Amino acid sequence: TPPTSLGKVFGVEAAIIAGAVESPGISQISKQYDPNSDIAALPHAWLLAGISVPFGVSIELNFLPSVDVQDIKMSHNSLAVKWSITDQFFAGLPFDWSIRSYYTKSELSYRQTIVNGSFPGSITSDVGFENTMVGGDSMIGIDFGIVEPYAGVGFVNTKGELRASAVTATPYSIFDDGVSQSLSSKQNSARLIAGMTLHLTALKVGVEYSRLFGVNRVSAKLGLAF
Numbered sequence: 515t516p517p518t519s520l521g522k523v524f525g526v527e528a529a530i531i532a533g534a535v536e537s538p539g540i541s542q543i544s545k546q547y548d549p550n551s552d553i554a555a556l557p558h559a560w561l562l563a564g565i566s567v568p569f570g571v572s573i574e575l576n577f578l579p580s581v582d583v584q585d586i587k588m589s590h591n592s593l594a595v596k597w598s599i600t601d602q603f604f605a606g607l608p609f610d611w612s613i614r615s616y617y618t619k620s621e622l623s624y625r626q627t628i629v630n631g632s633f634p635g636s637i638t639s640d641v642g643f644e645n646t647m648v649g650g651d652s653m654i655g656i657d658f659g660i661v662e663p664y665a666g667v668g669f670v671n672t673k674g675e676l677r678a679s680a681v682t683a684t685p686y687s688i689f690d691d692g693v694s695q696s697l698s699s700k701q702n703s704a705r706l707i708a709g710m711t712l713h714l715t716a717l718k719v720g721v722e723y724s725r726l727f728g729v730n731r732v733s734a735k736l737g738l739a740f
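FYI, our numbering numbers position 51 of the sequence shown as 565, with every residue one higher than the one before it.
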């Protein structure tokens, strides 16, 4: 999201966002029990609705109702509030500047068949991952009219929980202790963002790269703004 608002007084936006994010942790766990498993990156896609009101304030809602794609279930919801500071102050700066805070919750689940020499036959397990994030960004950008490049830095706190439960008759745990059905972790990280938006009258086309926790994510956006 660039630092500029959708309008000096009022603006609205509706868009589709899609991309992929690296998943080294999930891939590592899956390959321990299924060498043929390949989850190097996870796709993501959701809808965006945004509104700008006076004083440079914008509100964004990203949402993806629970969907099932090839036995992978995903959902995503986030709420962000952005203040485009240069809409109100520091008009002489050669760039646009904004600050933004957000809350995000994402869920992913899938069913996996595990073959392990310690158990006869195979074991089917439901694996689920839930991640919540709270963070903030500071963004700068330059609006050249048609093209608006931007970059920023931020900080995020996150809590992730990985769950796995056997759906067969044999009890089984994918975790090291051999007993647990879930593990959770809290972490924080700096966040780096770089992107570009093309303003083609009402049509908006954008691409954004971000990196946090050593993981790369690339997203593309196609939408309409008025």
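Bear in mind the hints are in silico, worked out from the structure with no lab data behind them.
Just so we're clear, the structure is a prediction, and the values are computed from it rather than from any experiment.
One should not assume that every hint holds.
Claimed, not checked - Derived EDC-like pairs (lysine to aspartate or glutamate); straight-line CA-CA distance at most 20 Å: (1) 718 <-> 662; (2) 700 <-> 657; (3) 522 <-> 644; (4) 700 <-> 662; (5) 619 <-> 657; (6) 619 <-> 536; (7) 735 <-> 675; (8) 587 <-> 536; (9) 673 <-> 644; (10) 673 <-> 722; (11) 522 <-> 582; (12) 735 <-> 585; (13) 587 <-> 640; (14) 522 <-> 585; (15) 673 <-> 536; (16) 587 <-> 644; (17) 718 <-> 582; (18) 587 <-> 662; (19) 718 <-> 657; (20) 700 <-> 621; (21) 673 <-> 621; (22) 700 <-> 536; (23) 619 <-> 662; (24) 735 <-> 662; (25) 522 <-> 657; (26) 673 <-> 657; (27) 587 <-> 621.
Unchecked claim - Across the chosen pairs, the derived CB separations fall in these ranges: (28) 656 <-> 589: 32 to 38 Å; (29) 559 <-> 523: 27 to 33 Å; (30) 530 <-> 638: 20 to 26 Å; (31) 569 <-> 589: 28 to 34 Å; (32) 524 <-> 669: 29 to 35 Å; (33) 528 <-> 606: 32 to 38 Å.
From the three backbone atoms N, C-alpha and C, an ideal C-beta is built for every residue, glycine too.
Hints, one by one, checked against the model:
no., hint, result
1, 718 <-> 662, "holds, 11 Å"
2, 700 <-> 657, "violated, 37 Å"
3, 522 <-> 644, "violated, 37 Å"
4, 700 <-> 662, "violated, 35 Å"
5, 619 <-> 657, "violated, 31 Å"
6, 619 <-> 536, "holds, 17 Å"
7, 735 <-> 675, "violated, 28 Å"
8, 587 <-> 536, "holds, 17 Å"
9, 673 <-> 644, "holds, 8 Å"
10, 673 <-> 722, "violated, 23 Å"
11, 522 <-> 582, "violated, 40 Å"
12, 735 <-> 585, "violated, 26 Å"
13, 587 <-> 640, "holds, 11 Å"
14, 522 <-> 585, "violated, 45 Å"
15, 673 <-> 536, "holds, 17 Å"
16, 587 <-> 644, "holds, 12 Å"
17, 718 <-> 582, "violated, 28 Å"
18, 587 <-> 662, "violated, 35 Å"
19, 718 <-> 657, "holds, 13 Å"
20, 700 <-> 621, "holds, 16 Å"
21, 673 <-> 621, "holds, 12 Å"
22, 700 <-> 536, "holds, 19 Å"
23, 619 <-> 662, "violated, 28 Å"
24, 735 <-> 662, "holds, 14 Å"
25, 522 <-> 657, "holds, 14 Å"
26, 673 <-> 657, "violated, 35 Å"
27, 587 <-> 621, "holds, 8 Å"
28, 656 <-> 589: 32 to 38 Å, "holds, 36 Å"
29, 559 <-> 523: 27 to 33 Å, "holds, 31 Å"
30, 530 <-> 638: 20 to 26 Å, "violated, 34 Å"
31, 569 <-> 589: 28 to 34 Å, "holds, 33 Å"
32, 524 <-> 669: 29 to 35 Å, "holds, 30 Å"
33, 528 <-> 606: 32 to 38 Å, "holds, 33 Å"
In this structure, the hints that do not hold are numbers 2, 3, 4, 5, 7, 10, 11, 12, 14, 17, 18, 23, 26 and 30, in rising order.
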